[in-house]
Amino acid sequence: MAGKSGATPTTYSPSPTTQNKKRPPIFNDVDWVRPDGRGFHQCRPAFLRTGAVNSASGSAYAEFGNTKVIVSVFGPRESKKAMMYSDIGRLNCNVSYTTFATPVRGQGSDHKEFSSILHKALEGGIILDSFPKTTVDVFALVLESGGGDLPVVISCASLALADAGIMMYDLIASVSVSCLGKNLVIDPISEEESYQDGSLMITCMPSRNEVTQLTVTGEWSTPKIHEAMELCLDACSKLGKIMRSCLKEAASPVQE
Amino acid sequence: MSSATMTSDLSSEMEVDAFRRLFPLRFHERHLQESIRPDARPLGKARDTSVALGAVASADGSALAKIGCTTMLAAIKMEVMTPTTESADEGCIAIDFHMPPICSPIVRPGRPAEAAPVISKHSGMINLKELSLVSGKAAWMAYLDIYCLDADGALFDAALLSAVAAFSHLQIPVVSLNDDGRVVVVSNEEGEKLEKEPVNKERRKLKLSSIPFSLTCVLHKNYILADPTAEEESVMETLLTVVLDSSFQLVSLYKPGGPVLAHTSVIQDSVALTRQRLKELQKILNEAVSDMEVD
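As given, the protein sequences belong to chains F and Z, one line each in that order.
Residue 152 in full-length UniProt numbering sits at position 152 of the first sequence; the count goes up by one each step and never skips.
Residue 110 in full-length UniProt numbering sits at position 110 of the second sequence; the count goes up by one each step and never skips.
Only chain F is shown next, with the shape it has when bound in the complex:
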């Protein structure tokens, strides 16, 4: 299928494609082991650091398993000339992927859908009144996609906003759950996501106990949704604590 000689030769990746593969029967059973050996209700170890990008007002790097994300925050700075006057600040979000983020080389383009979801997830948590007439830019780059990219981007973005000193009601933590047959698995990896029946993502402010965003896709029964929400909220409050300690860690050496 490879194209004949041309200005730009067409290429293909030699790695086997997973799209056409059938779901392994193992996922239908009640008992199975997750590909990375975690328990169903166990999140991936999170590594968080602030101040990853020096030239930004604030930035954070997050690594959850193989998912690696870097978020920079710029501003508050002058809004674009074309923008109308606004009493409250504006939030501008952009999520993009590197070409090597996915197993098969992508185009490395902007991810419009993720950008708007990120915007909606953060909007509720930021005190926009605190920077009138100006814009805060939140730029995320997914260095490597290992599943559950969006929740990691959202959590990392709120950490970067905190690092930039943007006023927020609370840190914003996000966790997703996948429904696989009879089981609910928290913080899914790419492989689990590709076989899922449904997914649920909660973005919340743990210490205020407020949800800024809830997305449910796929097939769910009501008791399952309740169970998944409980799981997510519990994980969010734990993630919130980790994020908080990360911020404290970054601030403590300066005080000494």
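There's no promise every hint is true.
These stretches of chain F come out as covered by chain Z in the derived footprint (C-beta under 8 angstroms, 3 or more residues) [to be verified]:
#1 46 to 56
#2 60 to 73
#3 92 to 101
#4 132 to 144
By construction, these hints were calculated from the structure, which means they are not laboratory data.
All residues carry an ideal CB built from backbone N, CA and C; glycine is no exception.
For this one, chain F is given, so just place chain Z on it according to the hints.
Frame of chain F, contents of chain Z only:
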């Protein structure tokens, strides 16, 4: 001249930070007179540099290079292509440089980066014949993508260093031809005997000959500042980039205009600085490679 003396009078009363913002050129010139730079470096010294290999697990070869705050992430993905008839037994390399909006306040999404340096193909480092699989039928296309994660001057140096490091980390995967004539990866887990002999029998590394290293200098009056920061680049506009290979031969010399005209002696001095820098960079790269082999 009167304005210059006026600013110096002003400066004694002004806070350093305000002076730096209001009179950036004066600020830097006063440092240069003392043969020192705002970050306490002597003029000819480059910033601390580090290289980490294997930063991206989803790529066949990758590296993260840091020069001071400037950070570059380079990754190589290997894909298969049909070679052209003119060069039937050669592979190909495609290089892309990206400035995502995260790296600098100047870059905004949707706008092409103005400062995007062009990473030219450094002929001689890689023998394209090594990238051949089946002569005339299949060859490797190495997609090298370099992302600037943090832009703080000397972007070309960091980009080149990360690219070279990614190539030294690159391992060509084991592949075989399947029944459809397509090349597929042979995974190690499948212990079963293959019907066909693998085209590429073992994971191998590319042989890199004459690795290029570069040093960017800012020229201002008679001063040569090695490895400038973004601030120095914006205040003093004349840049000179020298690329030497590991046997100290000149690969490229790039001076994209600028108000300062370089004398021959200035260029010779810059080349001499690059020679010193090359030894440093070689040591850093070799350490990074040997660290990988121990693991």
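Under 8 angstroms between beta-carbons, do enough residues of the region 132 to 144 of chain F, three at least, approach chain Z for the coverage claim to hold?
holds (count 6)
Given that the region 46 to 56 of chain F was listed as covered by chain Z, double-check it with a C-beta distance under 8 angstroms for 3 or more residues.
Holds, because 5 residues of the region 46 to 56 of chain F bring their Cβ atoms closer than 8 angstroms to Cβ atoms of chain Z.
Would you check chain Z against the region 60 to 73 of chain F, counting CB to CB pairs closer than 8 angstroms, and say if three or more residues qualify?
holds (count 5)
For the region 92 to 101 of chain F, does the count of residues with a C-beta closer than 8 angstroms to a C-beta of chain Z reach 3?
Check passed, 6 qualifying residues.
Against the hints set out earlier in the document, no violation occurs for any number.
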